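Keeping the supplied structure of chain A fixed, place chain B upon it in accordance with the hints.
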Amino acid sequence: MRQRPLSPHLGVYKFAYTMATSIAHRASGIVLSVGLLALAGWLIAAASGPESYALAVALLGGAFGQLLLAGWLVAFSYHLFNGLRHLNWDLGRGLEKSEARRSAGLVVLATLLLATAFIYAAFFAGVPR
Amino acid sequence: MSLRSPLGKVLGRGSAKQGVSHWWVQRVTAIALIPLTLWFAYQLMHLPTANYDEVRAWVASGLNPVWLLLFIGAVAWHSALGVQVVIEDYIPKKGAKVLALLASTFLHIVVAVAGSFAVLRIAFTTFSAG
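The listed protein sequences derive, respectively, from chains A and B. Position 123, counted from 1, in the first sequence is what my numbering calls 123; the numbers after and before it change by one each time, with no gaps. Position 78, counted from 1, in the second sequence is what my numbering calls 78; the numbers after and before it change by one each time, with no gaps.
The set of hints was computed from the structure by calculation and includes no laboratory data. Small disclaimer: the values here were computed from a predicted structure and weren't measured. Any given hint could turn out to be false.
Beta-carbon label-pair distances, calculated as ranges [unchecked claim]:
(1) B:S61 to A:S52: 18 to 28 Å
(2) B:R4 to A:L95: 39 to 49 Å
(3) A:G105 to B:F124: 40 to 50 Å
(4) B:V86 to A:R4: 20 to 30 Å
(5) A:L91 to B:E88: 47 to 57 Å
Okay, the calculated bits of chain A under chain B, using three or more residues with CB under 8 Å as the criterion [as the list claims (entries may be wrong)]:
(6) 28-34
(7) 73-85
Listing some non-contacts, in silico: residues in chain B with all C-beta distances to chain A over 12 Å [to be verified]:
(8) V10
(9) Q18
(10) S21
(11) I31
(12) I34
(13) A80
(14) A96
(15) L102
(16) V111
Every residue gets a Cβ at the ideal spot worked out from N, C-alpha and C, and that includes glycine.
Same shape as in the complex, but just chain A (with noise of 0.2 Å):
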């Protein structure tokens, strides 16, 4: 194959935190991609059986069920709002670097907020109904 010149790598790069806040979109994304595989597999055992749907629940409601279920609703959280970040720059609005910086900030503080109160409401709260 022709060697073709390549664009810098990371190594380049001076950090920067919002560096971290790109991967982390792509690393939460791949995180609820596998809770996709979950979501899909729970559906399955409600509509197969009782038997089915206990080995589910006994899968989720373990210790490394509770963990996953945790970290789902983290990247749920943090997905939800970066999300919404890229919908704003897809608008051409925010593009500047300060801006960027700035909503970076809003977007770990909302996740913070919202993943506290998902995981308060999921596993520690009588939600009220």
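Using the frame of chain A, we list chain B on its own:
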């Protein structure tokens, strides 16, 4: 001398309107997923418990099957597009890349179809008051 007419030369030169398809569908599904995911989270939190009968009654209740099908479809499509670019960016070897892309495509379609079938099966075999 060219035998092509002036019209023949310019036809097909314009945008096929497909170059932005991946980018556009990623955004369309992203926007659809904002209300759908929040609906899903809200619904889950308001299930009294997650036992077998209650979950089935909830899936079958009212328009819930419709929202669930839309949710599964939008998530699977959005996820397929996202995983695709991750594979394209991080797997440099061509053979491995094509295999991973094929696997991801097949898996996403299977998950979407199986998940949707589960929702329909519950909806058509559960009688709920909702």
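Here is how each hint holds up against the structure:
1. B:S61 to A:S52: 18 to 28 Å: 21 Å, holds
2. B:R4 to A:L95: 39 to 49 Å: Roughly 43 Å apart at Cβ, these two residues keep to the hinted range, so it holds.
3. A:G105 to B:F124: 40 to 50 Å: Check passed, 48 Å falls within 40 to 50 Å.
4. B:V86 to A:R4: 20 to 30 Å: About 22 Å separates the Cβ atoms of B:V86 and A:R4, which means 20 to 30 Å holds.
5. A:L91 to B:E88: 47 to 57 Å: 26 Å, violated
6. 28-34: holds (count 4)
7. 73-85: Since 4 is at least three, the answer is holds.
8. V10: Holds: least Cβ distance 31 Å, greater than 12 Å.
9. Q18: It holds; B:Q18 is separated from chain A by about 19 Å at its closest Cβ, greater than 12 Å.
10. S21: 15 Å, holds
11. I31: 7 Å, violated
12. I34: Violated, since 7 Å does not exceed 12 Å.
13. A80: It is violated; B:A80 is separated from chain A by about 9 Å at its closest Cβ, not greater than 12 Å.
14. A96: The claim holds: B:A96 sits with its nearest Cβ about 15 Å from chain A, beyond 12 Å.
15. L102: 16 Å, holds
16. V111: It is violated; B:V111 is separated from chain A by about 5 Å at its closest Cβ, not greater than 12 Å.
In summary, the structure is inconsistent with hints 5, 11, 12, 13, 16 from the numbered list given earlier, while agreeing with the others.
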